[in-house]
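Protein chains: 4
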Amino acid sequence: MYPSPIQKLIEQFSKFPTVGPRTAARFVFYLMKLPKEEVEKLIKLVSELQNKITLCVFCFNPFEITGSQSQKKLCQICSDPRREKSLLCVVEKETDLLSLEKTKKYKGLYFILGGTVGTLKKEDIKKIRAKELLERIKNPSNFIRGGISFKEIILATNPTIEGEATVLYLERVLKSLKVKVTRLGRGLPVGGELEYADEETLSSALEGRK
Amino acid sequence: MYPSPIQKLIEQFSKFPTVGPRTAARFVFYLMKLPKEEVEKLIKLVSELQNKITLCVFCFNPFEITGSQSQKKLCQICSDPRREKSLLCVVEKETDLLSLEKTKKYKGLYFILGGTVGTLKKEDIKKIRAKELLERIKNPSNFIRGGISFKEIILATNPTIEGEATVLYLERVLKSLKVKVTRLGRGLPVGGELEYADEETLSSALEGRK
Amino acid sequence: MYPSPIQKLIEQFSKFPTVGPRTAARFVFYLMKLPKEEVEKLIKLVSELQNKITLCVFCFNPFEITGSQSQKKLCQICSDPRREKSLLCVVEKETDLLSLEKTKKYKGLYFILGGTVGTLKKEDIKKIRAKELLERIKNPSNFIRGGISFKEIILATNPTIEGEATVLYLERVLKSLKVKVTRLGRGLPVGGELEYADEETLSSALEGRK
Amino acid sequence: MYPSPIQKLIEQFSKFPTVGPRTAARFVFYLMKLPKEEVEKLIKLVSELQNKITLCVFCFNPFEITGSQSQKKLCQICSDPRREKSLLCVVEKETDLLSLEKTKKYKGLYFILGGTVGTLKKEDIKKIRAKELLERIKNPSNFIRGGISFKEIILATNPTIEGEATVLYLERVLKSLKVKVTRLGRGLPVGGELEYADEETLSSALEGRK
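Protein chains in written order, with the working numbering: chain A, 1 to 210; chain B, 1 to 210; chain C, 1 to 210; chain D, 1 to 210.
If we strip away everything but chain A, and leave its shape as in the complex, we get:
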């Protein structure tokens, strides 16, 4: 019903996470009214994104390729000599890494899994970087210089059904390595209420009391 260039762009924006056709239409009308320079700025940023950003060869965290860093293949965290290189925290996605960094309580390395395992079907398992994780734990020195070896792997997936299934799968994968595998503590979150908490969370809160 909209002219074709508008309709096509609505379709593209509708593929963005959380965006439906009505919001996508608002995006297009917003762009139509934007000064030409602003549109060009946006286009420049989008087009440079994939060129200026690369994924860390160790942890898959995206980082900027700057002049001096162009040969570097490790992100700021992996190349930081002050990080504890015996600790590895496995997260589902980039924003989870950022959330943990904001606490300033974790000083080890990360690994971005790139998703979760819903079922244990092969095509599902292929979507996450399980093989890559195994390689990095087995031979970290292939990726990061200095004779490092991991003493603890923290499986920091979300305590959701998908996150739990992923932990179960990864525990099986990592079993042979005989490395200590831990999970984030369960309990009541800040602002939570006993009355509305599920039994599993409350049980964990009781067990984890201190």
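It should be emphasised that the hints constitute simulated quantities derived from the structure, not laboratory data. Be a bit skeptical, because a hint or two may be false.
Below, in silico cross-link-like pairs of lysine to aspartate or glutamate (EDC-like), each with a Cα-Cα straight-line distance of 20 Å or less [what the hints assert, rightly or not]: (1) Lys-8(B) <-> Glu-11(A); (2) Lys-41(B) <-> Glu-11(A); (3) Lys-175(B) <-> Glu-195(B); (4) Lys-104(C) <-> Glu-195(B); (5) Lys-33(B) <-> Glu-200(A); (6) Lys-44(A) <-> Glu-195(B); (7) Lys-122(C) <-> Glu-171(C); (8) Lys-33(B) <-> Glu-195(D); (9) Lys-105(A) <-> Glu-195(D); (10) Lys-52(A) <-> Glu-164(B); (11) Lys-102(D) <-> Asp-198(A); (12) Lys-41(A) <-> Glu-11(B); (13) Lys-41(C) <-> Glu-48(D); (14) Lys-127(D) <-> Glu-171(D); (15) Lys-102(D) <-> Glu-200(A); (16) Lys-52(C) <-> Glu-132(D); (17) Lys-104(B) <-> Glu-199(C); (18) Lys-104(D) <-> Glu-84(D); (19) Lys-8(C) <-> Glu-37(D); (20) Lys-210(B) <-> Glu-200(C); (21) Lys-210(A) <-> Glu-152(D); (22) Lys-210(A) <-> Glu-37(D); (23) Lys-107(A) <-> Glu-207(D); (24) Lys-122(C) <-> Glu-164(C).
To give a feel for the contact side, a few chain D residues facing chain A, derived at Cβ under 8 Å [stated by the list, open to error]: (25) Leu-100; (26) Pro-189; (27) Glu-193; (28) Ala-205.
Per the computed footprint, the stretches of chain D lying under chain C, defined by three or more beta-carbons under 8 Å from a beta-carbon of chain C, are [as the list claims (entries may be wrong)]: (29) 88 to 98; (30) 118 to 129; (31) 139 to 149; (32) 168 to 178.
The beta-carbon is built from N, C-alpha and C at its ideal position, and this holds for glycine as well.
Got chain A sorted already, so can you dock chains B, C and D onto it with the hints?
Positioned in the frame of chain A, the structure of chains B, C and D alone reads:
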């Protein structure tokens, strides 16, 4: 905290309507993982948008400039000989026009005001196309061929505070023209309930009974 | 899990409209902590409710039986000589009557239907006061003194699916009476937006413009 | 606007937790239509509530006074010989006790504080059973037979601002007793997501990993 190319793009997306920084970050990670061709397709559509789309000289409805239409300056609705050219419906924005078209009950012309008047301050009034509306009602033939003259102007702004203020302002502007000015009917919407309706809506529903 | 007197009371409160077991439990703990006089006051009010309140013989509106009114069988509205006795407004329930009264725009009489007709099954139809409505329209003088006759019946059910089905049923019932039957006007409610309105509401708003 | 017996009852129900005047009105109309026996059943349950239920002299948990129990002053939990009498869990309210019981993981005793301390003002502190708690920890044998003494006091208030303030106050009160004082474990709840967790919850989840 994100690398600069990501951070800058998050800032741009945060300016999009309804988008906050968290959603903007999800947009950027979505784009980072998108196949290069898909990103290029999106960029092409965004960059062509302002070139391929023009605003109708009469009603300000955006429409596609096609080869044969390149000389045309009127949108499909304004150039459609079957539309009733004595009726003009003034709407706030493009999506309102589309909503009314979907009812298939309105056969007249439209005029897109481009906003509402919150207060009656000069800078506020400048933002809407009040002067343009007046010109088009006074001399429609300057824009659309054929000796047309409007018999009714429907002020179809939203029945919100801003929409009502805009109607009051436009009624004053159009007063001198002695053309019939109407407003959309008020009443209970489909699915509405008397118990939760405000008194004004209920009064309108009572008066408008039939 | 709670002691039996608490559990039983939770069950009773859970039958109250909009109340689930958790809220019902909060009600019981609230009552347990209430001063004895307050509990007694509540009990008195509840126990007197059905004795002190009676339903109007004409419109089924609940009203208080006071000393002087004990012989009266009509509510304040039905016995008010200033009400227009040629107009009858049929509503689903007591609160709808109150909502319409608050507008101060309606001066006729009411009839409380006591529900809606979901389907046209016999057991469903029995639940509403359709027969009673018919009697009152045919012979209003059997209920209210003075030679009154209705010139218009306003079917003011909610514009929901159930309300619409009820209108269709009542229109059939009232057909033989040859009295004018109207419905509340449809349109955009105060605060509504064209963009989010359904097509039927918008069509009504267009048709009902003035 | 409603008849006085209805209006007065609406006012009483409006004092119930979570109930506003509109819901209160629905309660009254629900009661008006209820069969007389049902109303009487409700009244009986409400009037017996305070007579049939008493508060445990040790933990303040409400329990039913039955014939054989009429001399008893302890609730089922406090009088259960299988409960671990060295553990005391302090909760804000009755429903929190119930939530913890449902986990079947806790085998000690409880103490219902009866609220939280918002500020440290005297009138605020009076509202909670701090003095009673202190007495029971100091001399449990005054309330429960058998030479019991507590080895751990779990302060299981909600991890909300009020709950935290209460913990700070109670820790000060209990300091002199030299008994071990613990709190429920913090962490991610079941179904929680790292992305939306606050920094304190994430820090606790990291520290509490296992």
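Cross-check of the supplied hints:
no.: 1; hint: Lys-8(B) <-> Glu-11(A); verdict: violated, 24 Å
no.: 2; hint: Lys-41(B) <-> Glu-11(A); verdict: holds, 12 Å
no.: 3; hint: Lys-175(B) <-> Glu-195(B); verdict: violated, 38 Å
no.: 4; hint: Lys-104(C) <-> Glu-195(B); verdict: holds, 15 Å
no.: 5; hint: Lys-33(B) <-> Glu-200(A); verdict: violated, 36 Å
no.: 6; hint: Lys-44(A) <-> Glu-195(B); verdict: violated, 53 Å
no.: 7; hint: Lys-122(C) <-> Glu-171(C); verdict: holds, 17 Å
no.: 8; hint: Lys-33(B) <-> Glu-195(D); verdict: holds, 19 Å
no.: 9; hint: Lys-105(A) <-> Glu-195(D); verdict: holds, 16 Å
no.: 10; hint: Lys-52(A) <-> Glu-164(B); verdict: violated, 49 Å
no.: 11; hint: Lys-102(D) <-> Asp-198(A); verdict: holds, 10 Å
no.: 12; hint: Lys-41(A) <-> Glu-11(B); verdict: holds, 12 Å
no.: 13; hint: Lys-41(C) <-> Glu-48(D); verdict: holds, 14 Å
no.: 14; hint: Lys-127(D) <-> Glu-171(D); verdict: holds, 17 Å
no.: 15; hint: Lys-102(D) <-> Glu-200(A); verdict: holds, 10 Å
no.: 16; hint: Lys-52(C) <-> Glu-132(D); verdict: violated, 46 Å
no.: 17; hint: Lys-104(B) <-> Glu-199(C); verdict: holds, 9 Å
no.: 18; hint: Lys-104(D) <-> Glu-84(D); verdict: holds, 13 Å
no.: 19; hint: Lys-8(C) <-> Glu-37(D); verdict: holds, 15 Å
no.: 20; hint: Lys-210(B) <-> Glu-200(C); verdict: holds, 16 Å
no.: 21; hint: Lys-210(A) <-> Glu-152(D); verdict: holds, 10 Å
no.: 22; hint: Lys-210(A) <-> Glu-37(D); verdict: violated, 53 Å
no.: 23; hint: Lys-107(A) <-> Glu-207(D); verdict: holds, 12 Å
no.: 24; hint: Lys-122(C) <-> Glu-164(C); verdict: holds, 17 Å
no.: 25; hint: Leu-100; verdict: holds, 6 Å
no.: 26; hint: Pro-189; verdict: holds, 4 Å
no.: 27; hint: Glu-193; verdict: holds, 5 Å
no.: 28; hint: Ala-205; verdict: holds, 4 Å
no.: 29; hint: 88 to 98; verdict: holds (count 4)
no.: 30; hint: 118 to 129; verdict: violated (count 0)
no.: 31; hint: 139 to 149; verdict: violated (count 0)
no.: 32; hint: 168 to 178; verdict: violated (count 0)
The structure fails hints 1, 3, 5, 6, 10, 16, 22, 30, 31 and 32 (numbered hints given earlier, in ascending order).
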